[in-house]
Amino acid sequence: MIAGYLLIQWLPVPDWSRISSALTPFWRWEVLLFILAGFLAQMVDGALGMGYGMISAISLMSVGVSPVAMSAAIHTSEVFASGISGYSHYRFGNVNKKLFRHLVVPGVLGAILGALTLVFLGEWNGDILRILIAIYALFLGVRILSRVFGKKPGTRKVKRLGWLAGCGGFLDSFGGGGWGPIVTSTLIAKGKTPRYIIGSVSLTEFFITLASAVTFIGTVGTRHLPVVVGLLIGGVVAAPIASRLAGKLPAKKMLIAVGILVVLWSMRILVTAIW
Numbered sequence: 258m259i260a261g262y263l264l265i266q267w268l269p270v271p272d273w274s275r276i277s278s279a280l281t282p283f284w285r286w287e288v289l290l291f292i293l294a295g296f297l298a299q300m301v302d303g304a305l306g307m308g309y310g311m312i313s314a315i316s317l318m319s320v321g322v323s324p325v326a327m328s329a330a331i332h333t334s335e336v337f338a339s340g341i342s343g344y345s346h347y348r349f350g351n352v353n354k355k356l357f358r359h360l361v362v363p364g365v366l367g368a369i370l371g372a373l374t375l376v377f378l379g380e381w382n383g384d385i386l387r388i389l390i391a392i393y394a395l396f397l398g399v400r401i402l403s404r405v406f407g408k409k410p411g412t413r414k415v416k417r418l419g420w421l422a423g424c425g426g427f428l429d430s431f432g433g434g435g436w437g438p439i440v441t442s443t444l445i446a447k448g449k450t451p452r453y454i455i456g457s458v459s460l461t462e463f464f465i466t467l468a469s470a471v472t473f474i475g476t477v478g479t480r481h482l483p484v485v486v487g488l489l490i491g492g493v494v495a496a497p498i499a500s501r502l503a504g505k506l507p508a509k510k511m512l513i514a515v516g517i518l519v520v521l522w523s524m525r526i527l528v529t530a531i532w
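In this text, residue positions in the sequence shown follow the working numbering: the first is 258, and each later residue adds one.
Hints in this document: simulated from the structure, not taken from any laboratory.
Any given hint could turn out to be false.
Straight-line alpha carbon distances no greater than 20 angstroms define the calculated SDA-like cross-link-like pairs of lysine to any residue that follow [what the hints assert, rightly or not]: (1) LYS355 to TYR453; (2) LYS447 to SER403; (3) LYS355 to THR443.
Since the model is a prediction, treat every value here as computed from it, not as a measurement.
Please take these sequences and the hints and turn them into a complete structure.
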C-alpha cells in the first residue's frame, strides 16, 4: 500500500478533461493509474472487509479525477461486487431481516440525496467540493485509528437506525465511500454480533450502491467509464491475492497503516486544494 501511495505521488497527473471528453479512451495510459487505484482499494477491502470506496476516492482525487467522476465511477464499479457479496451473506444466513429493513430505505434515500448534492456542488465550485471531501476522508482516517486505539464499549441498544443509515448512504455517495466505516463500525461498536451486522450491512450496501450509480448515470451520463474500467481491472487482479492474504495479515497493524495513509492522503489533498 505504501509503495502504491508513493508511486501515485510521483506519477504525472493526467488531464481529466481530455479523458471525460473522449469517446473511446479505454486504452490510454491514464487507465493504468485507475487500475493501480482499484488494485490498492481491493487489497485493503479484501484484507479488512472495508475501505474500497475510501481508498479509491482518495487515490483517484490524488491523480486529478474530479469528485463527481470519482464517486460515480466507484459506485458503478461496486454494483456487481456488492451484489455478489450481499447475496452470499443472504445465502449463508448472515442477514438479520429486521435490521436490513431498518437500513435499506433510509440508506437508499440518503445515497440518492448525496449523489444529487455532489453533482450540484460539482457544477457550482469544484475546489470547495475537493476540500469538503478531503475533510470527510480525514474524518474517516481518524475514525479508523480511533477504532484501533479506543476502548471497547459494552453492548448497548442501537437507536435511530434510520438516521444512521441515511447519513451513511448520503456520505457514501457524496464522498465516494464510507458506508462500511460509518455504519458497520458504529453498529459493531455498540457490541452487536459482527456476523449479522456485516451480513445485513453488506446486503444493504448493494441497494445503496445501485441507487447511487443510477443517479449518477442519470445526471452526468457515462463520462466516468474509463475510471470504471480501471477500477474493475485492478480489483479483479487484486481479489485473489487479497483473498489469500485475508486472515493471515495482522488486522490491527493493517488498520493502523490504512488509517495513517488515509490521513496523509487527505491532508495532501487539503493542502493542494487550499494552496
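Cross-check of the supplied hints:
Annotation: proposed proximity of LYS355 to TYR453 holds, straight-line Cα distance about 11 angstroms (limit 20 angstroms). Proposed proximity of LYS447 and SER403 is supported: the alpha carbons are some 15 angstroms apart, at most 20 angstroms. Between LYS355 and THR443 the CA atoms are separated by roughly 17 angstroms; this keeps the pair inside 20 angstroms, and the hint holds.
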